[in-house]
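With chain A held as given, fit chain B onto it using these hints.
One letter stands for each residue in the lines below.
2 protein chains.
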Amino acid sequence: LAEKKVLIVYAHQSAGSFSAAAKEAAVEVLKSKDCSVKVSDLYAMKFKATATAEDITGEVKNSEHFRYAEETKLAWDEGRLSADITEEQRKLQEADLVIFQFPMYWFTVPAILKGWFDRVLTLGFAFTKEKRYSNGIFKKTKALLSFTTGSQETMFSPTGINGDMNVTLWPLQNGILHYCGFQVLAPQIFWAPADAAPEGRSAMLAAWNTRLQGLLDENGTWLLIAGEEPPMLKEVQDTLRLLSPPLEGLSAVKT
Amino acid sequence: LAEKKVLIVYAHQSAGSFSAAAKEAAVEVLKSKDCSVKVSDLYAMKFKATATAEDITGEVKNSEHFRYAEETKLAWDEGRLSADITEEQRKLQEADLVIFQFPMYWFTVPAILKGWFDRVLTLGFAFTKEKRYSNGIFKKTKALLSFTTGSQETMFSPTGINGDMNVTLWPLQNGILHYCGFQVLAPQIFWAPADAAPEGRSAMLAAWNTRLQGLLDENGTWLLIAGEEPPMLKEVQDTLRLLSPPLEGLSAVKT
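So the protein sequences, as listed, match chains A and B.
With the first letter of the first sequence counted as 1, position 34 gets the number 34 in the UniProt record's numbering; the numbers rise by one all the way through.
With the first letter of the second sequence counted as 1, position 164 gets the number 164 in the UniProt record's numbering; the numbers rise by one all the way through.
It is possible that some hints are incorrect.
[Stated by the list, open to error] In the DSBU-like style, the derived pairs of lysine-lysine whose C-alpha atoms are separated by at most 30 angstroms in a straight line are:
no.	chain 1	residue 1	chain 2	residue 2
1	A	LYS48	B	LYS73
2	B	LYS48	A	LYS91
3	B	LYS46	A	LYS61
4	B	LYS91	A	LYS48
5	B	LYS46	A	LYS91
6	A	LYS61	B	LYS48
7	B	LYS91	A	LYS46
These aren't lab readings, by the way, just hints derived from the structure by calculation.
Predicted model only: the values in this text are computed from it and were never measured.
This is chain A alone, in the form it adopts within the complex (with noise of 0.2 angstroms):
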């Protein structure tokens, strides 16, 4: 059996934290297991979040009309993506799995790990217009969310005021790692650790550290809906419309 090679996404500023703790259970679980576990301590590396002409090296192609994605991409072609996002590349090439381990700040991910995303995701090396999603570059691997929350998991219900957890995670999970072909295992979530008691606390970690151990046996779940691209269904519409914004407005306003 091949050595497996994890990959270690970990934004948090504090060694002494519950997401810093989560993601040693980690590290320590998963070696024991023979794999090879590497960690980017995003905050640790001062990892740059923003997405800037400085990522790439040598001259830009149009500096008048600075276009990101495409100038990413010819960079990435020609080798000449900066040295931070070229190596945060080649572990996530190595990677069978990858686990982001984060707080959740404002419904998703802080921004130097949103940086990551839009930084070393570039077009051409994570996806093109005919590699996504089911036929996603990173089908091979897996990749999960493990995330602490600040509020209670009620909150979070269909009822609840934050609305479902789900709907929360869709671009993250449907968005970004599926997008990229990601088979995506289900979130690993740890509901407001700061408000628990010490025994809450370790109660969370001893699961989290059962789960750790048939990690990498579990499959993404996308897998389930072979292969086909998972269509919102109109009541998601339907039921979105009466609580944001509508988009009919929209069309109003263009026509």
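What follows is chain B alone, placed relative to chain A:
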């Protein structure tokens, strides 16, 4: 009639971009309506995207276990937030209308704009456990997402491979803007201007110009649900359960 104050938070690297043109159109039309318009040009400002202890001047309370939300809440109470954050908070507090103008990156805002949300919407300043959603601190302020996409509109239709745009925008419009109380206006979506012919782009800008004429009189769709928190309906949950990794997987590992 008192002069209206507008803040445009703008996130594009290039003055030659369609996003820049859309921002300029807003500045021009709204000034012609006797609004005072301020623009936060995030890339030009080299706006810091990452949430770190440097956002606090003076000592942090617990450097061993640095918790960003708690530390910045305290710093805000004591007027010890970094100058760049304080300046953005001042602009936001004065504004009657906030327009976020950006190119959609990975189904949400670019990291530099996510950093603006992470750093400027401080606990205490922008929300508290008591003051959020329909009781949110910014309930007198209107907010609008105005953005370009790389994908065509059909890809974001309910049956499109990206899924419904309302679902994609949910974490931004409900999770950030409505959470802070903002009256969320219908999003202004410029569909794939880069792939459009010059006439197509002109038509999009003309439509935006037309909408801008009456923008200050538009009402947030959230108001239509009469101060009620928007619960996610069961259909949404059931639908997305089919499409995204099930949370059941989780309870299984948590117990």
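LYS61 of chain A paired with LYS48 of chain B [C-alpha distance capped at 30 angstroms]: holds (26 angstroms)
Would you mind confirming whether the straight-line C-alpha gap from LYS91 of chain B to LYS48 of chain A stays at or under 30 angstroms? holds (26 angstroms)
Hint consistency between LYS48 of chain A and LYS73 of chain B [alpha-carbon to alpha-carbon, up to 30 angstroms]: Holds. LYS48 of chain A to LYS73 of chain B sits at ~25 angstroms (cutoff 30 angstroms).
What's the verdict on LYS48 of chain B and LYS91 of chain A, does the C-alpha distance respect the 30 angstroms limit or exceed it? Measuring from Cα to Cα gives roughly 26 angstroms; hence the hint holds.
Against the 30 angstroms threshold, does the CA-CA distance of LYS46 of chain B and LYS61 of chain A hold or violate the hint? holds (22 angstroms)
Satisfaction of hint between LYS91 of chain A and LYS46 of chain B, Cα-Cα up to 30 angstroms: Given that 30 angstroms is the threshold and the Cα spacing comes to 28 angstroms, the pair holds.
Would the hint linking LYS91 of chain B and LYS46 of chain A be met if the CA-CA limit is 30 angstroms? holds (28 angstroms)
Violated hints for the displayed structure: none, as all numbered hints are satisfied.
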